[in-house]
Amino acid sequence: MDIPYIVQERPDTGLTNVKLGIWLFLASEVMLFGGLFSTYILLRINAVDWPLGSDILNVPIGTFNTVVLISSSVTMVMCYAALKLDDLAGYKKYMAATIGLSVLFLGVKLYEYVDKFSHGDYPSGSTFLAIYFTLTGLHALHIVSGVVVNGYFLGPGAALWNTNKEQFINRIEAAGLYWHFVDLVWIFLFPVLYLL
Amino acid sequence: MSENVDEIRAHIKLYWKIGAALMVLTVVTVAITFIDFSVPIAIFVALVVAATKGSLVASYFMHLIGERKWILGTLLLTVLFFLVLIFIPIMGHSDTYGRHVTVPNANAESPSEVAH
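One line per chain: the protein sequences are A and B, in this order. Position one of the first sequence corresponds to residue 330 (our numbering), numbered consecutively onward. Position one of the second sequence corresponds to residue 2 (our numbering), numbered consecutively onward.
Worth flagging that the hints you see were computed from the coordinates, not collected in a lab. Here a beta-carbon is modelled for each residue, glycine too, at the ideal position from N, C-alpha and C. Treat the hints loosely; a few may be bogus.
[As the list claims (entries may be wrong)] Each computed EDC-like pair below joins lysine to aspartate or glutamate, with the alpha-carbon atoms no more than 20 Å apart: (1) Lys70/B <-> Glu338/A; (2) Lys70/B <-> Asp341/A; (3) Lys494/A <-> Glu4/B; (4) Lys14/B <-> Glu502/A; (5) Lys18/B <-> Asp7/B; (6) Lys445/A <-> Asp384/A; (7) Lys14/B <-> Asp415/A; (8) Lys421/A <-> Glu502/A; (9) Lys494/A <-> Asp444/A.
[Said to hold, decoys possible] Listed below are several chain B residues computed to face chain A (Cβ distance under 8 Å; list not exhaustive): (10) Tyr16; (11) Val31; (12) Ala51; (13) Leu86.
[Stated by the list, open to error] Partner residues aside, some chain B positions facing chain A, computed with beta carbon under 10 Å: (14) Ile9; (15) Thr27; (16) Tyr61; (17) Thr75; (18) Leu76.
Chain A with its partners taken away, still in its complex shape (with noise of 0.2 Å):
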């Protein structure tokens, strides 16, 4: 049996059920980091004294991975806008910088992670670490996620293009929505760990 309203909206709604599924996952993921971004207030307002972000993590390092991933973020929304050109080459440029830029950024990330072990900071260390360890780290599994889905839909993925255009540039709007929802959420932590 085929899944409806893949391609054309549904009357009630206007959208395509992919569309709204992807804006419903992004609610709960919001919950998500909601849950944990509280968690990190709470912590902060109720300690006795709390670390500037800048004397413990390295700020030119911090904002130079912000700005890699706002590039990826523009990279994937051309995705989209080459698939609406009819650009399929466009499209696999874009979507491989995308990719490449998200592996550049995980693997600052990890060098980053490394040299705080090397000092001995480990999430145990203090309240400051955990919960920076806990949210890039949870932010840096999403990022794997992304990569994971993007990889697939430049390979084989990509052949849905010969059958069915449409439903490829919604599934690649969807994974667009997500991907910018994942530079969103680091808008937020880079000045909350890293200036704050």
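Got chain A sorted already, so can you dock chain B onto it with the hints?
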């Protein structure tokens, strides 16, 4: 593909501009930490800049501008619950003004145990 080619090309130009604005705002976020604000003002300014960047991403890259009411309704509910989630600890903390309260330590003896 309801949009025509000219419209899509105009959107592409806009996406590049939004990307550039996000880069500039990232520099602003870092630059304001060099200004000697008090902690509450520094937090407020940093979060305002972050919220501006977030709204640009949501509005243009995620196409929330002109999105259907079902999506906007879903997000409105999410924002409502998110605010409740964020303000619960703050309100809980406000209840304790004037009293010395620390985060519970699972390994600490309770005051009654110490008294005995």
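Here is what the structure says about each hint:
1. Lys70/B <-> Glu338/A: Holds, at roughly 14 Å.
2. Lys70/B <-> Asp341/A: holds (11 Å)
3. Lys494/A <-> Glu4/B: Status holds; Cα separation ~15 Å.
4. Lys14/B <-> Glu502/A: Holds. Lys14/B to Glu502/A sits at ~18 Å (cutoff 20 Å).
5. Lys18/B <-> Asp7/B: The hint holds at about 17 Å.
6. Lys445/A <-> Asp384/A: holds (13 Å)
7. Lys14/B <-> Asp415/A: holds (17 Å)
8. Lys421/A <-> Glu502/A: The given pair, whose Cα atoms are some 14 Å apart, holds under the 20 Å limit.
9. Lys494/A <-> Asp444/A: Measuring from Cα to Cα gives roughly 45 Å; hence the hint is violated.
10. Tyr16: holds (5 Å)
11. Val31: holds (5 Å)
12. Ala51: Ala51/B check passes; min Cβ-Cβ to chain A is 5 Å, inside 8 Å.
13. Leu86: The hint holds - Leu86/B has a Cβ within 8 Å of chain A, the shortest such distance being about 5 Å.
14. Ile9: holds (5 Å)
15. Thr27: With a minimum Cβ separation of about 5 Å from chain A (threshold 10 Å), the hint on Thr27/B holds.
16. Tyr61: It holds, given that the least Cβ distance between Tyr61/B and chain A is near 8 Å, below 10 Å.
17. Thr75: holds (6 Å)
18. Leu76: holds (7 Å)
When each numbered hint is compared with the structure, a violation occurs for hint 9 only.
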